[in-house]
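> In order, the protein sequences belong to chains V and W.
Be aware that the first sequence starts at 1, since it is given in our numbering, and climbs by one per residue.
Be aware that the second sequence starts at 429, since it is given in our numbering, and climbs by one per residue.
Everything labelled a hint here was simulated from the structure, so no lab data went into it.
Hints should not be assumed to be uniformly reliable.
Unchecked claim - A few chain W residues that don't get close to chain V, going by computed Cβ distances all over 12 angstroms:
#1 V432
#2 I436
#3 A440
#4 G443
Stated by the list, open to error - Rough simulated footprint, nothing fancy, chain V against chain W, three-plus residues with beta-carbon under 8 angstroms:
#5 450–459
#6 464–478
Said to hold, decoys possible - Pulled a few chain V residues facing chain W out of the computed Cβ check, cut under 8 angstroms:
#7 R196
#8 L204
#9 I206
On a predicted model such as this, the values are computed, not experimentally measured, just so you know.
Quick reminder that beta carbons are idealized off the backbone N, C-alpha and C, glycines included.
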Amino acid sequence: MATRAKDRFQVIGHPSIGFYGLVTVLLAVFGWGIYAYYREFTEGMAQTGLRDIGTMGGATWGLYVAFIIYFVGVSFAGITTAALVRMLNLRQLRPISRIAELLTIIALILAACSVLVDLGQPLRGIVNLFRYARPQSPFFGTFTLVISGYLFASLVYFYLDGRRDAALLARYPSRLRWFYRLWAAGYRHTPAERRRHEIASFWLAIAILPLLVTAHSTLGFVFGIQSGRPGWFSALQAPGFVVMAGISGLGLLAVIAAVIRVTSGAGKQVIPEDVFRYLGIFLAGLILTYLYFTVAELLTIMYAGPRHDVETTWALLAGEYAWMFWGSVGSLVFSLILLAGSIFVLRRHIIGSAVVSGLLVNLAAIGKRFLIVVPSQTVGPLLPYGAGHYAPTWVEYSIVLGLFALGTLMFALFSRIFPLIELAEEVE
Amino acid sequence: MRTVIAIIMVIAGFGLQFVSYFFLAAPWGLPPTGPVHSEPRVPFAPALFILGVMLVFLAAVVYELLPERAGN
Numbered sequence: 001m002a003t004r005a006k007d008r009f010q011v012i013g014h015p016s017i018g019f020y021g022l023v024t025v026l027l028a029v030f031g032w033g034i035y036a037y038y039r040e041f042t043e044g045m046a047q048t049g050l051r052d053i054g055t056m057g058g059a060t061w062g063l064y065v066a067f068i069i070y071f072v073g074v075s076f077a078g079i080t081t082a083a084l085v086r087m088l089n090l091r092q093l094r095p096i097s098r099i100a101e102l103l104t105i106i107a108l109i110l111a112a113c114s115v116l117v118d119l120g121q122p123l124r125g126i127v128n129l130f131r132y133a134r135p136q137s138p139f140f141g142t143f144t145l146v147i148s149g150y151l152f153a154s155l156v157y158f159y160l161d162g163r164r165d166a167a168l169l170a171r172y173p174s175r176l177r178w179f180y181r182l183w184a185a186g187y188r189h190t191p192a193e194r195r196r197h198e199i200a201s202f203w204l205a206i207a208i209l210p211l212l213v214t215a216h217s218t219l220g221f222v223f224g225i226q227s228g229r230p231g232w233f234s235a236l237q238a239p240g241f242v243v244m245a246g247i248s249g250l251g252l253l254a255v256i257a258a259v260i261r262v263t264s265g266a267g268k269q270v271i272p273e274d275v276f277r278y279l280g281i282f283l284a285g286l287i288l289t290y291l292y293f294t295v296a297e298l299l300t301i302m303y304a305g306p307r308h309d310v311e312t313t314w315a316l317l318a319g320e321y322a323w324m325f326w327g328s329v330g331s332l333v334f335s336l337i338l339l340a341g342s343i344f345v346l347r348r349h350i351i352g353s354a355v356v357s358g359l360l361v362n363l364a365a366i367g368k369r370f371l372i373v374v375p376s377q378t379v380g381p382l383l384p385y386g387a388g389h390y391a392p393t394w395v396e397y398s399i400v401l402g403l404f405a406l407g408t409l410m411f412a413l414f415s416r417i418f419p420l421i422e423l424a425e426e427v428e
Numbered sequence: 429m430r431t432v433i434a435i436i437m438v439i440a441g442f443g444l445q446f447v448s449y450f451f452l453a454a455p456w457g458l459p460p461t462g463p464v465h466s467e468p469r470v471p472f473a474p475a476l477f478i479l480g481v482m483l484v485f486l487a488a489v490v491y492e493l494l495p496e497r498a499g500n
């Protein structure tokens with residue numbers, strides 16, 4: 001079931017006071033993030049906690065890189081869900097298809113912003129990547145496939161998928177009519193146009209799925225093929241990245257879907273409980289897979305791993321990073337139990353458990369991303385340096401918070417100008 | 429006509445990706461032995477690769493938006 005165009009149009013036209021309050025808060029947080037970035041840009045990376053490995057006893061990759069991986073990971077589930085809905089005709093997940101597509105686009109924009117803030121001179125990154133990126137480097141794949149190709153493909157998918165609703169909204173007088181007409185680009189929802197859209201979407205989905213698996217694997221290879229850092233060189237890095245990407249993305253999708261279900265007037269009808277059941281089942285399956293990877297990786301390293309790798313792993317299991325490691329693993333295990341209990345045993349409280357699990361797995365994902373990036377630089381150095389330390393500064397925390405505010409702001413503002421849930425057939 | 433243009437765009441896109449990746453960007457070198465393997469043979473070859481990726485996906489837009497006949 002979907003909302004009716006007129007109802008949706010009325011919702012779009014009248015944002016509540018709460019919405020303005022939310023936008024004000026988000027703008028304030030985003031503004032604070034801009035100020036923090038201004039400090040970093042003008043005073044240099046010394047404003048961050050990032051320092052050279054070994055000689056300065058620090059880490060050159062820190063919070064920003066952890067969040068690049070996190071945001072790219074979140075983007076995975078969005079377009080995967082949309083593409084699977086199209087390819088496998090998963091009608092149960094159809095209501096959240098557009099939310100998923102938008103989540104992908106926003107997450108990729110935030111990932112690109114995270115890359116830029118990680119560079120002392122962002123212009124060098126923008127120009128030099130286009131000019132000098134080497135095909136031998138996994139960064140080439142990350143940059144070309146993830147940030148550029150994947151984002152562009154998602155935009156194309158999103159644009160084409162939204163034309164029908166734009167055409168419906170263009171029938172009603174409003175200040176944004178020109179925008180809807182522009183988006184619809186002459187779409188009239190004729191049988192020929194519908195068929196053409198089905199064909200184009202199907203082939204887009206076919207093209208996007210291998211692209212996103214390659215793209216996320218490439219991000220894993222950035223770490224997985226580096227033998228010079230203990231804890232990174234592993235064949236499980238790429239598949240682990242893909243699975244964790246699915247976990248964080250599906251979790252966030254469940255949270256956003258629940259928020260829209262509550263805040264939207266017709267939300268309970270358009271986002272039924274079945275959506276959360278499906279998301280929960282997929283999420284539980286991915287969590288189980290990731291936990292298996294984690295156990296396999298730990299057993300392999302601790303049984304007969306190189307000395308430096310064992311040192312790094314001990315730091316995770318019982319050292320400086322143990323609280324974060326066990327916190328992340330505990331969140332994943334708890335989420336798995338919660339989802340399995342509510343979906344398969346109790347058969348109720350499914351939405352609540354999906355939301356709680358969604359939040360927990362995202363905290364776990366952030367923790368795991370941080371643990372992939374940082375300990376391998378500060379613990380178990382191959383050169384004769386002592387152990388290092390990395391603690392993010394207020395500048396880094398503020399910038400990351402600002403990015404979250406920017407993402408939420410984009411989501412909130414877009415929901416005011418365009419329906420996040422497909423409009424009903426009857427209005428045609 | 430629409431289908432033909434879309435297919436041409438897809439082929440051109442993949443072709444551009446192949447050429448820019450293997451012949452215009454920095455040579456692979458197995459293993460790479462010097463700075464020559466870091467220098468792209470044509471500046472902005474990675475940008476051409478991205479253009480190829482975009483061209484492939486843009487074919488879907490052309491396929492959906494292009495009218496069947498002129499004036500249709």
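> Decide, hint by hint, whether the structure agrees.
Results of checking the hints against the structure:
1. V432: Holds, because the least Cβ-Cβ distance between W/V432 and chain V comes to about 14 angstroms, which exceeds 12 angstroms.
2. I436: Check passes; 15 angstroms lies beyond 12 angstroms.
3. A440: Fine: 15 angstroms to the nearest Cβ keeps W/A440 off the interface.
4. G443: Nearest chain V Cβ is 15 angstroms from W/G443, so the label holds.
5. 450–459: Coverage by chain V holds here, the residue count being 5 at a Cβ distance below 8 angstroms.
6. 464–478: holds (count 10)
7. R196: Holds, because the Cβ-Cβ distance from V/R196 to chain W comes to roughly 6 angstroms (cut-off 8 angstroms).
8. L204: 5 angstroms, holds
9. I206: With Cβ-Cβ at 11 angstroms, over 8 angstroms, it is violated.
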